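Residue numbers (the working numbering), protein chains in the order written: chain S, 1 to 334; chain Z, 1001 to 1334; chain R, 2001 to 2328; chain B, 3001 to 3328.
One thing to keep in mind: the hints can contain errors.
[As the list claims (entries may be wrong)] With a straight-line Cα cutoff of 16 Å, these simulated EDC-like cross-link-like pairs (lysine to aspartate or glutamate) come out:
| id | chain 1 | residue 1 | chain 2 | residue 2 |
| --- | --- | --- | --- | --- |
| 1 | B | K3044 | S | E260 |
| 2 | Z | K1021 | Z | D1294 |
| 3 | R | K2044 | Z | D1258 |
| 4 | B | K3254 | B | E3182 |
| 5 | R | K2304 | Z | E1260 |
| 6 | S | K44 | S | E299 |
| 7 | B | K3323 | R | E2024 |
| 8 | R | K2304 | Z | E1322 |
| 9 | S | K142 | R | E2280 |
| 10 | S | K142 | R | E2024 |
| 11 | B | K3304 | S | E323 |
| 12 | R | K2044 | Z | E1260 |
| 13 | S | K21 | S | E299 |
| 14 | R | K2323 | B | E3280 |
| 15 | B | K3044 | S | E299 |
| 16 | B | K3044 | B | E3010 |
| 17 | Z | K1042 | Z | E1322 |
| 18 | S | K35 | S | E299 |
| 19 | Z | K1142 | B | D3245 |
| 20 | Z | K1142 | B | E3010 |
| 21 | B | K3304 | S | E322 |
| 22 | B | K3013 | B | D3245 |
Read the hints as simulated data drawn from the structure, not as lab findings. Keep in mind it's a predicted model, so treat the numbers as computed, not measured.
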Amino acid sequence: MAKKGTKTKTTAPLAPELAQKLLYQMLLIRRFEEKAAEMYTKTKIRGFLHLYIGEEAVAVGVMQALRPQDNVLGTYREHGHALVRGLEPNVIMAEMYGRQEGYCRGRGGSMHLFDAKRKFFGGNAIVAGHLALAVGLALADKKMQRNQLTCCFFGEGAMAEGAFHEAMNLAALWQVPVLFVCENNLYAMGTALRYTHAQTDLTLKGAAYGITAAAVDGMDLQAVMEAANTAAATVRKTGKPYFLVCNTYRFRAHSMFDAELYRDKAEVEEWKQRDPIPAFSNTLLQQQLLAEADLQALEARVNEEVQQAIDFAESCSWEPVEEMSRFTYSEKKT
Amino acid sequence: MAKKGTKTKTTAPLAPELAQKLLYQMLLIRRFEEKAAEMYTKTKIRGFLHLYIGEEAVAVGVMQALRPQDNVLGTYREHGHALVRGLEPNVIMAEMYGRQEGYCRGRGGSMHLFDAKRKFFGGNAIVAGHLALAVGLALADKKMQRNQLTCCFFGEGAMAEGAFHEAMNLAALWQVPVLFVCENNLYAMGTALRYTHAQTDLTLKGAAYGITAAAVDGMDLQAVMEAANTAAATVRKTGKPYFLVCNTYRFRAHSMFDAELYRDKAEVEEWKQRDPIPAFSNTLLQQQLLAEADLQALEARVNEEVQQAIDFAESCSWEPVEEMSRFTYSEKKT
Amino acid sequence: MATSLITYRECLKQAIREALQGDERVFLMGEDVGHYGGAFAVSKGLLQEFGPERIMDTPLSEAGFTGAGIGAALGGMRPIVEIMTINFSLLALDQIANNAATLLHMSGGQLNVPLVIRMSAGIGRQLAAQHSHSWEPLFAHLPGLRVLSVGTHEDARYMLAPALLDPDPVIIFEYTSMLNLEQELQPVEGGVDISKAKIRREGKDISIITYGTGVYKALEAAAELAAAGIEAEVVDLRVLRPLDDETILASVTKTSRAIIVEDASRSVSVSSEVSARITENCFYDLDAPVQRLCGAEVPIPYPKHLEDAAVPQPAQIVSAIKKLLQHA
Amino acid sequence: MATSLITYRECLKQAIREALQGDERVFLMGEDVGHYGGAFAVSKGLLQEFGPERIMDTPLSEAGFTGAGIGAALGGMRPIVEIMTINFSLLALDQIANNAATLLHMSGGQLNVPLVIRMSAGIGRQLAAQHSHSWEPLFAHLPGLRVLSVGTHEDARYMLAPALLDPDPVIIFEYTSMLNLEQELQPVEGGVDISKAKIRREGKDISIITYGTGVYKALEAAAELAAAGIEAEVVDLRVLRPLDDETILASVTKTSRAIIVEDASRSVSVSSEVSARITENCFYDLDAPVQRLCGAEVPIPYPKHLEDAAVPQPAQIVSAIKKLLQHA
Ligand SMILES: Cc1ncc(C[n+]2csc(CCOP(=O)(O)OP(=O)(O)O)c2C)c(N)n1
Ligand SMILES: Cc1ncc(C[n+]2csc(CCOP(=O)(O)OP(=O)(O)O)c2C)c(N)n1
Ligand SMILES: [Mg+2]
Ligand SMILES: [Mg+2]
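This is chain S alone, in the form it adopts within the complex (with noise of 0.2 Å):
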């Protein structure tokens, strides 16, 4: 695996069903998103809303490497991760919306998606507060004898705090099955990789706690699928942490309140030139597994989902104001 995670390799062709999936599933992030933006300005959303859009071949290449029955962690730029984990789009538009049909009552927003069925444990919006969460749902599987890892994602800002380190440590000395995922889009909020790290090169970090380390380009699906795969494999093996650096880019600002000063537009358009989704689209055209048919008709299929998301949450209510308190304790006492 390319350590530095630049470079772009030739890969086998992938079967043509989980190739168009896993194309169905970058454009329905990117997709959902441009249209959460557009509902964003209409005020249909409010609060952040931190889009993924560019960085949808991390999402989309490590969560296939991922079962069921394994538990998933994400930071408030989880859109992404929620959709490719099977969430379903209307309720995830409806939270988004404030909707009491959404996964958390409406009461979470973009940035709180969580839904216990799929074991998607948020939508976490202080940076690293969910690494130690991730530790912890490990060692309870590890000391349940259940046979399933945990795949926590976060930013490069996020391995600043000390969070970051007491996690790796804990992790690593207790053996626990956690697929560290650190999405590299070298901005946090609008500091660069290098105001934040005195060692840029993130993978360095994984041998201060022995753990294994590798680093992958981001934008390349098929890249990052493999490097996941590996990374998974490993994990359940050895039921001991690794952590992947996956180096990316956001297209859009931070957040919708981010007027981007910090980067230049020229250093924006040359990562757009990487966009993942025509790279993969165009590589499955190339190898005649997807037909400009084929790409017109997923096209239709995800901005119909969209609209239907859409349609759904306009048509949701609003929780009443008499239960904003229910929940703050259990219902359900033992």
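Given the coordinates of chain S, work out where chains Z, R and B with the ligands should sit on it, guided by the hints.
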């Protein structure tokens, strides 16, 4: 420098005066603390009392590389550092007795020795809580273009805290002159190194921040001196942080509340064979830098100083209750 | 009914042992709970009895292992996280407030966190400013937590079991200064009720409302007052959040006077909350303004005489009450 | 006297700029204060104006850079540490409580910490449970800190200068929801007094005691009450620690009635402290029990209607006061 820091190296003989001064300092720490332990059992000293006995070569070896204008920060196990830094044994002992003639009016006790005049910034009892302070002190020096360094002592246990990670990264990122000194005595209270760190080669942690790291046999005074001189010179020259691991051992319990259930007596005895004080005095005797009579004179002088400290402390007074709230806020507003 | 003399420490240990024996999902984790035997010897011997899977020594990583405890609770375990002392709890407070206390509500009721966090709290061993905190008020402010204070041997022995049955995060404060204290202990069938305050002594003239180290101090004061013909009722809050208004207000309604005693420093404390609630609810029943005896507003100094002066002592409770009753 | 229309954000920025211009030792550090322009654009342009030595972007390391701020203050600088929002302040609370607030006392008066920590606080932008905290009460509990709350444009503009002159650590809460609010601003010579509460509106019938976002809400309520013939006095606490008893008690003694309004959740809050103090000192002057209008005791939900419901609104202040006065 020996990576594992376990080998004693043959080093050039020291100037006799310096040699005796260093031996004196180690002896002073030893006898001062033996007396303190005795006074603890007599309930003259209370609270937590953490002895440095066995680790003397570290404080003495490192501190000789410092200058009066440098900042020094220690942990709750800091009597040794305070003594070597030149704080007066009398006033330290008064503080440990809780008397108002002590450095902190008796409010701090054993764990909180501070002397602003000697730039001795504690005596800090939240493990790893002072590392960021060290970074800040060095930052101020850098900003004010004062040519001085900040030396920060801490245990290997402290390195598991997120605070360690953040401080190391900030120091490296900001390129500030901090000499981080890990006193690796193999235990954090009763938790052995292997239960604290997944990666037990502590110098490897430096690389995660791009910080130069070295390890040294902390039982060998001259090795520590050499390593510390190199480290301090590097910090002064580069203005950047440096990470020095001193491998040592505490001969006594963690504090006076410790039943030492977690380690074998045999292990302790083995380490005592490497006691830095006889090791160094034997070297000096062999090298004829010291005569038996000198040694006895030194012992006598030290014993007298320690007895004086006790006498002084006994003669001191209590801070009146009415003054308890003083200095919760500054008395002089600017 | 069988009684026996037992230390507060031993009560705590028996409670932990019983919990470990009764439920495979329970494990204890924290700094030095295993090989060292517990910073204050509370868990001494448990490692040998239950092994390292059930008694887990952790590195110095308060935020990390508290977060891991939350994760393990989400994963179906019933962790007891020990934060060695309350003084280090701020390092884990983000995890406690933003995750443990919040996940259930924020997930719309999906994810409860059945976690117990124990910590040793308070003043009294001359440990100075960074090791003598009484930060119960900080925790009592946070919605989503159940906050318990172990002011008696009974609660030391019988609070843990119901806390572990609670589907939500429970914080338990134990008191370092009480560990060696011996008392008789009455068996309590089915554990104590961790939703209720408890009247530790009945009285009609004034309510002394307190918790933690205040309970035995208040009882001592009440005994002395009784000799002077004053019958003080001692209310042990036990649950600092959510407060048991019913018991508090019933007592004050009965006695018409209240003094609140706590070691924590005065401003924005549990006492202030109790005082405000009494005023809000019993204003017209009060014969005198509600009073508070609290800790001094200083970092706690090391010497014994200053430590003693920094928190309310039984003699002060007695004299404050005598004064208050003369004034009524 | 010259006046001008200005946003709360611009007031904050002018205060920071002035501080940077006036003292070489002052620098601003925090997450995204520089290249990004400040999470809420408060420091936009200052990096360009003052350079990266004075406007320091930090990594995500709240404990680390707050601790570094304390160290830099000990080293003779006058750092302004910005914690992006109060929601992340718990990560730095150990540094604030155990170091900043404690060093002076613990060192027997040797080491003061002239540090200012600013953070954006409160509810109002639909940021949900982990980004909508009103944790002022936690800070107001801690001895050694001066805790300020910026409830008006005047304070946004003129509190920073005196805070930087304070030899001790000062925490300043600013309010995200007020940033875009425009107001007239009267110049204040020599800065405001950061030891005193301030009467924002005189009245004789009741004291509305509040801070932060409550100030303009209370003024709005008072205006409406005035139309109904009720003259409410609005007391802006401004200093949450140490509280200015004198101003508070004088107002209540005058009006004989008090209601305390705050966004923070009710239990163990600034309101509870103020209520307790009023009861302790003005019990016999009161015509009615002191009341509180506080935030709901829940993690704050995302939707606007629930967010609005979670904190007191002007209409509730009005109706609570009307009810209270009829009952009197
Ligand atoms: C503890 C904490 N500090 C600060 C913030 C504000 N914040 C939200 S996202 C973010 C940047 C995180 O960067 P990174 O981890 O690289 O993730 P990315 O947003 O790039 O995906 C910051 C500073 C926060 N949410 N939590
Ligand atoms: C944050 C924090 N957690 C726990 C403690 C309790 N404690 C005091 S010393 C210590 C062990 C520290 O070990 P190490 O850093 O190796 O230093 P040593 O005592 O061996 O010199 C512990 C756990 C503390 N003081 N602070
Ligand atoms: Mg990033
Ligand atoms: Mg150690």
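List of violated hint numbers, smallest to largest: Failing hints, ascending: 4, 5, 6, 7, 9, 15, 17, 19, 20, 22.
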